[in-house]
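Asks: Protein sequences, first through last, are from chains R and P.
The numbering of the first sequence is full-length UniProt numbering, which starts it at 1 and goes up by one.
The numbering of the second sequence is full-length UniProt numbering, which starts it at 1 and goes up by one.
Hints should not be assumed to be uniformly reliable.
Computed list of lysine-lysine pairs in DSSO-like fashion (alpha-carbon distance at most 30 Å, straight line) [stated by the list, open to error]:
| # | chain 1 | residue 1 | chain 2 | residue 2 |
| --- | --- | --- | --- | --- |
| 1 | R | 165 | P | 226 |
| 2 | R | 150 | P | 53 |
| 3 | P | 239 | R | 92 |
| 4 | P | 239 | P | 226 |
| 5 | R | 160 | P | 49 |
| 6 | R | 150 | P | 54 |
| 7 | P | 96 | R | 45 |
If we take Cβ atoms under 8 Å as the criterion, some of the chain P residues that face chain R in the derived model are [to be verified]:
| # | residue |
| --- | --- |
| 8 | 79 |
| 9 | 87 |
| 10 | 94 |
| 11 | 99 |
| 12 | 101 |
| 13 | 107 |
| 14 | 108 |
| 15 | 111 |
These aren't lab readings, by the way, just hints derived from the structure by calculation.
Just so we're clear, the structure is a prediction, and the values are computed from it rather than from any experiment.
Using N, Cα and C, we set each Cβ at its ideal position, and we do this for glycine too.
Next come the chains, spelled out residue by residue.
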Amino acid sequence: MTMSYILKNIVFNNVRIQWNASRILHTSPVCCKSQAGRYRITPKKDFPLTYEMANPPHQIAHRKSWNSWNTTNIEGGLRSSETAVEDVFIRKFMTGTWHNLFVSEIIIKRQHNIIRIAGIIQRSVGARKMYFLIGYSEELLSFWLQCPVKLELQTVPDRKSVVFKYI
Amino acid sequence: MHDSSAKASFSVKCIYNIIDLAISFLLNQTFDEFRVLNLKHVKGQVQQKRQPKKFEILPPRTDQMPVDQDWGSVWPGPRSFHPATVPLPVRQGYVKKGAPPDKYGNAELMKIPNFLHLTPPVIKRQCEALKKFCTPWPKALDTDEKILTPLQLNARAKDKFLRLVGDRYNEETDTVTIVTDRCPLKKQNYDYAMYLITALYHESWNVEPWEETKSEADMEYYDWNKNVSKASVEAIFGKSSEDIPNINVYSDAVSSLMNEGESEYTVSRYGHAVRLLLNLPTS
Numbered sequence: 001m002t003m004s005y006i007l008k009n010i011v012f013n014n015v016r017i018q019w020n021a022s023r024i025l026h027t028s029p030v031c032c033k034s035q036a037g038r039y040r041i042t043p044k045k046d047f048p049l050t051y052e053m054a055n056p057p058h059q060i061a062h063r064k065s066w067n068s069w070n071t072t073n074i075e076g077g078l079r080s081s082e083t084a085v086e087d088v089f090i091r092k093f094m095t096g097t098w099h100n101l102f103v104s105e106i107i108i109k110r111q112h113n114i115i116r117i118a119g120i121i122q123r124s125v126g127a128r129k130m131y132f133l134i135g136y137s138e139e140l141l142s143f144w145l146q147c148p149v150k151l152e153l154q155t156v157p158d159r160k161s162v163v164f165k166y167i
Numbered sequence: 001m002h003d004s005s006a007k008a009s010f011s012v013k014c015i016y017n018i019i020d021l022a023i024s025f026l027l028n029q030t031f032d033e034f035r036v037l038n039l040k041h042v043k044g045q046v047q048q049k050r051q052p053k054k055f056e057i058l059p060p061r062t063d064q065m066p067v068d069q070d071w072g073s074v075w076p077g078p079r080s081f082h083p084a085t086v087p088l089p090v091r092q093g094y095v096k097k098g099a100p101p102d103k104y105g106n107a108e109l110m111k112i113p114n115f116l117h118l119t120p121p122v123i124k125r126q127c128e129a130l131k132k133f134c135t136p137w138p139k140a141l142d143t144d145e146k147i148l149t150p151l152q153l154n155a156r157a158k159d160k161f162l163r164l165v166g167d168r169y170n171e172e173t174d175t176v177t178i179v180t181d182r183c184p185l186k187k188q189n190y191d192y193a194m195y196l197i198t199a200l201y202h203e204s205w206n207v208e209p210w211e212e213t214k215s216e217a218d219m220e221y222y223d224w225n226k227n228v229s230k231a232s233v234e235a236i237f238g239k240s241s242e243d244i245p246n247i248n249v250y251s252d253a254v255s256s257l258m259n260e261g262e263s264e265y266t267v268s269r270y271g272h273a274v275r276l277l278l279n280l281p282t283s
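Throw the hints in and build the complete structure from the sequences for me.
Replies: Structure representation (structure tokens):
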């Protein structure tokens, strides 16, 4: 009775192990396709791309340059993680505050303790609103980040002005 | 019966009139946020799409710039590129066929650092403005040697000085760099730096009592004059080391062998020195 029980147990355990092993093993090949920052061609070839979008990430420092300029990641640089988080925050704040106005990426340049935020916006709101938004963004960001923040914007008539090509 | 039907037709007519009035009133209104009630399905009353407002835009500033303007006041400080302010037909970007994208709406030009605020005339003007805050160069320091070795230190004091300053000493240029940036005022920082230099100088001349007990095992480099090698050479020749010919070559070779470690060069140099010392034929 006990012997058969033990045998049964061993057999069942082995089967279970085998069943588990077959589930763990992957036999499909690894997909090495890189897709980040690349855009698919549409059937009608009417999808607009800016210059930034038209060049994939491996062209950075060749055909296009970085959107964040700072010295935190060079040797001996300070507070690289804080800078990265702050940059994400600035980008989110700017796209939210300047709703549907930015037609380029938001460029963040740091020199000493000054943060310069550059970008291209479309002229769908009046000049008075833009002046208000510039002051509002500069004031709030410099309060939160505890350093002078400057907005250096350029306006274009509409989104089509920054289209580099259609795919 | 007849009466009542006439009444009903009258009231219907009245309602139609009111609706017509309302429609015409609504059509005459300029605000187009509200949809117009279209009961009769009249064509041409379809809601018009709101046209985007056209804002008055002044022509770019570059069109009105005179050729002989003062660029330093147009672009006084560091700033991102702005196409309407820079009167240059610059282009940036890569295009397979054709010209690179122009300066309007070009984000690449805004990314790269520019030196438009540091044109030669502006630098010259700023230097002129700063000149009145500068003091003349000390006349006593007219040569590089005087600048680089102003501290009067002997070998022992210099050794101690270098140990105290540590990695602030640059061997290539023979200079010590002391950075003071903790105090809020420039004057305080300068005074602190002067204090540091004075303290270092006097401290390196100080000889502590425990420094005299330094034995051979504590030496950081090999000094031939204090070692067994000198004593044995003097014992072999039976006279003082100053009187032995070629002793300087030998002592240098031994010192370099001990200080720099064994290499092909130091060992062969040592062999050559021994041959010279003992008057053996050199190969």
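Asks: Decide, hint by hint, whether the structure agrees.
Replies: Results of checking the hints against the structure:
At most 30 Å may separate the alpha-carbon atoms for a hinted pair to count; residue 165 (chain R) and residue 226 (chain P) exceed this at roughly 82 Å. A distance of roughly 28 Å separates the Cα atoms of residue 150 (chain R) and residue 53 (chain P); the hinted pair therefore holds under the 30 Å criterion. Pair hint residue 239 (chain P) plus residue 92 (chain R) does not hold up; C-alpha atoms about 87 Å apart against a cutoff of 30 Å. A C-alpha spacing of about 17 Å is found between residue 239 (chain P) and residue 226 (chain P), which places the hinted pair at or below 30 Å, so the restraint holds.
A C-alpha spacing of about 20 Å is found between residue 160 (chain R) and residue 49 (chain P), which places the hinted pair at or below 30 Å, so the restraint holds. Annotation: proposed proximity of residue 150 (chain R) to residue 54 (chain P) holds, straight-line Cα distance about 27 Å (limit 30 Å). Among the hinted pairs, residue 96 (chain P) with residue 45 (chain R) is consistent with the structure: their alpha-carbon atoms are about 18 Å apart, no more than 30 Å. A least Cβ separation of about 6 Å between residue 79 (chain P) and chain R falls short of the 8 Å threshold, and the interface hint therefore holds.
A hinted interface residue such as residue 87 (chain P) counts as satisfied when its beta carbon comes closer than 8 Å to some beta carbon of chain R; here the least separation is about 15 Å, so the hint is violated. Here the hint on residue 94 (chain P) is kept, as its CB sits about 4 Å from the closest CB of chain R, short of 8 Å. With a least beta-carbon distance of about 13 Å to chain R, the hint placing residue 99 (chain P) at the interface is violated under the 8 Å criterion. This hint holds: residue 101 (chain P) has a C-beta 6 Å from the nearest C-beta of chain R, less than the 8 Å allowed.
A cut of 8 Å between beta carbons decides the hint on residue 107 (chain P): the least distance to chain R is about 4 Å, and the hint holds. For residue 108 (chain P), the shortest C-beta to C-beta distance to chain R is roughly 6 Å, which falls under 8 Å, so the interface hint holds. The closest approach between the C-beta of residue 111 (chain P) and any C-beta of chain R is roughly 5 Å, which is under the 8 Å cut-off, so the hint is satisfied.
In terms of the numbered hints stated before, the structure departs from hints 1, 3, 9 and 11, listed from lowest to highest.
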